[in-house]
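A.B. asks: By the count of our numbering, the sequence shown reaches residue 590 at its end, each step adding exactly one.
It cannot be assumed that every hint is accurate.
What the hints assert, rightly or not - Taking CB as the label site, the calculated pair distances span: (1) Thr543 - Thr573: 10 to 20 Å; (2) Asn403 - Thr218: 54 to 64 Å; (3) Phe126 - Val369: 41 to 51 Å; (4) Thr116 - Thr152: 18 to 28 Å; (5) Glu209 - Thr518: 43 to 53 Å.
Derived by calculation from the structure, the hints in this document are not laboratory data. Backbone N, C-alpha and C define an ideal beta-carbon position, used for all residues, glycine too.
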Amino acid sequence: MQNEDISFIVHVGNYVYEQLGITLAVTPPRDPRHPEFTLPNGTALPDGSTYATTLADHRTLYTTYRSDPRLQRLHANWPMIAIWNDHEFSDDCWQDHETYTSAEAEQTARRRSANQAWFEFMPADVTFTADSPSFQNIQIYRSFTFGDLATLVMTDERLYRAAHEVAEQTSGNPVGARYFVPKATVAAAEQARLTTCGGALTPVTMLGDTRRQWWQSQMSAAKTAWKLWGNDVSLLRMEVDLLAALTEALTQAVLQTTSGLTRFETQFHTAIQADLAAAVAGNLVPAPFTNLDAFAGSLGFPEADIQATIAALNSMLPPYSTLTTMLMNADQWDGYNAERLNLMASLANNNNINNVVAVTGDLNAFFAGTVMADFDAATPQPVMVDLVTAGISSTSLFTSYLAFVNNRANNMGWVDTLTTQGGLNSLDTTLSSNNSWLTYANTNAQGYSVITLTPTLLTCNFRKLAPVSPTGQVPTAATAIASTQVVTVAVNTPAVTVVPA
Numbered sequence: 090m091q092n093e094d095i096s097f098i099v100h101v102g103n104y105v106y107e108q109l110g111i112t113l114a115v116t117p118p119r120d121p122r123h124p125e126f127t128l129p130n131g132t133a134l135p136d137g138s139t140y141a142t143t144l145a146d147h148r149t150l151y152t153t154y155r156s157d158p159r160l161q162r163l164h165a166n167w168p169m170i171a172i173w174n175d176h177e178f179s180d181d182c183w184q185d186h187e188t189y190t191s192a193e194a195e196q197t198a199r200r201r202s203a204n205q206a207w208f209e210f211m212p213a214d215v216t217f218t219a220d221s222p223s224f225q226n227i228q229i230y231r232s233f234t235f236g237d238l239a240t241l242v243m244t245d246e247r248l249y250r251a252a253h254e255v256a257e258q259t260s261g262n263p264v265g266a267r268y269f270v271p272k273a274t275v276a277a278a279e280q281a282r283l284t285t286c287g288g289a290l291t292p293v294t295m296l297g298d299t300r301r302q303w304w305q306s307q308m309s310a311a312k313t314a315w316k317l318w319g320n321d322v323s324l325l326r327m328e329v330d331l332l333a334a335l336t337e338a339l340t341q342a343v344l345q346t347t348s349g350l351t352r353f354e355t356q357f358h359t360a361i362q363a364d365l366a367a368a369v370a371g372n373l374v375p376a377p378f379t380n381l382d383a384f385a386g387s388l389g390f391p392e393a394d395i396q397a398t399i400a401a402l403n404s405m406l407p408p409y410s411t412l413t414t415m416l417m418n419a420d421q422w423d424g425y426n427a428e429r430l431n432l433m434a435s436l437a438n439n440n441n442i443n444n445v446v447a448v449t450g451d452l453n454a455f456f457a458g459t460v461m462a463d464f465d466a467a468t469p470q471p472v473m474v475d476l477v478t479a480g481i482s483s484t485s486l487f488t489s490y491l492a493f494v495n496n497r498a499n500n501m502g503w504v505d506t507l508t509t510q511g512g513l514n515s516l517d518t519t520l521s522s523n524n525s526w527l528t529y530a531n532t533n534a535q536g537y538s539v540i541t542l543t544p545t546l547l548t549c550n551f552r553k554l555a556p557v558s559p560t561g562q563v564p565t566a567a568t569a570i571a572s573t574q575v576v577t578v579a580v581n582t583p584a585v586t587v588v589p590a
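Make a model of the complete structure from these sequences and hints.
C.D. replies: Okay, structure coming up:
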């Protein structure tokens, strides 16, 4: 980054991570200049990890991160406009609540310590009131104007947000509460809250009522060519029809059993699709796969081999209740759809507000796409663009999912069929094929993004970093960039164009 021709840096959160000692089933190599460290206090969790608890703990996080001379040079060279996300306090947090357990307990003192450490260490001109007893004793949302070219609106999407639509499961397993959550379940939970409060967004908000009105007034008052939104979590709908996705995954699994079967891919797909639909409708366990049996038999395969393949497919099947349309992550705006609808309507209904582009983080992946006024409309109306940058050093989204699904204790090994096929990353294609508004996806990346603005064009360079080698060798400055993908947004056009390499 020190070689980039840039004016300033926008950081959209997760500058530090509050948990130490997390063990992943798939652990990427680490930079040897980042040794293990401990916290002066900390609180232990059942998985063996420890989370920052006291002010001394949070100060230790920032002090340790800032000991990296490369990061020091970055701060010396450029101003940084920063907000936080969840890990400056607690994973997937809301207000002063943690989500490590199903109780989502309040941790007011810890939230205040996190606020204070962020204020002490981050270069941000914000208001902090140390003697206030509230956990909302700091205001980090603010806006910037750069001549007549751009307005940058930075929001806080943690300190004021309501609880997740679906409460954490009593088992403490987050699946079904925040990740791969049935879309219908989230919608029903949200509607129940809205009904209870007479349609008020207060119980389903991410920004909070006051901050939502502030955001809308900032966008309405901006007279610049571009309106940029420093946004914590993605606005893009990321859903997966698991019945369709699993059909494709099982089809590919069958094709890999014997060479030369690819010419029959369509027929195998049709047979497996019919078999899965019948099994789900009749709650048939194990699934008999009669259509697959008949078609494979017509090709001359021995019945014993066919039954072995059917047994292997049954081992991949999830509970049938999950074979519906799922939201990949209900901690992002997909889990707060009513407020997203409200914000997008305020843009769509005002002809004077255009060229709105969110610059987003959180997912540890690169995404680019169009945000619709209503993703569920028969003909969705494009309103703005979301550009999601990967994390500099955070474990990639794909690797995190791979690590998670390989943990059989979570009973989610079946998701492996959706994220990997033959050891390859198919999460990109799974998401892109299920979400037409996603123009670009790279879920297995670390990196950063460089945005260049002119009055008529926004150009975004997604810089993917070369990884640390298995032996711990770190790329040099000359070899650090593994690849660059350029996407553009033309003025008055809420759409992303992927520039061919």
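A.B. asks: A range of 54 to 64 Å was offered for this pair. Does it hold for the Cβ distance of Asn403 and Thr218?
C.D. replies: holds, 59 Å
A.B. asks: Take a look at whether the Cβ-Cβ distance between Phe126 and Val369 falls inside 41 to 51 Å.
C.D. replies: Between Phe126 and Val369, where Cβ atoms are some 49 Å apart, the hint holds.
A.B. asks: Return holds or violated for the Cβ distance of Thr543 and Thr573 against the range 10 to 20 Å.
C.D. replies: holds, 19 Å
A.B. asks: Between Thr116 and Thr152, is the Cβ distance one that fits in 18 to 28 Å?
C.D. replies: holds, 25 Å
A.B. asks: How does the Cβ-Cβ distance of Glu209 and Thr518 compare with 43 to 53 Å: does it lie in that range?
C.D. replies: Given about 44 Å between the Cβ atoms, the range holds.
The structure fails none of the hints (numbered hints given earlier).
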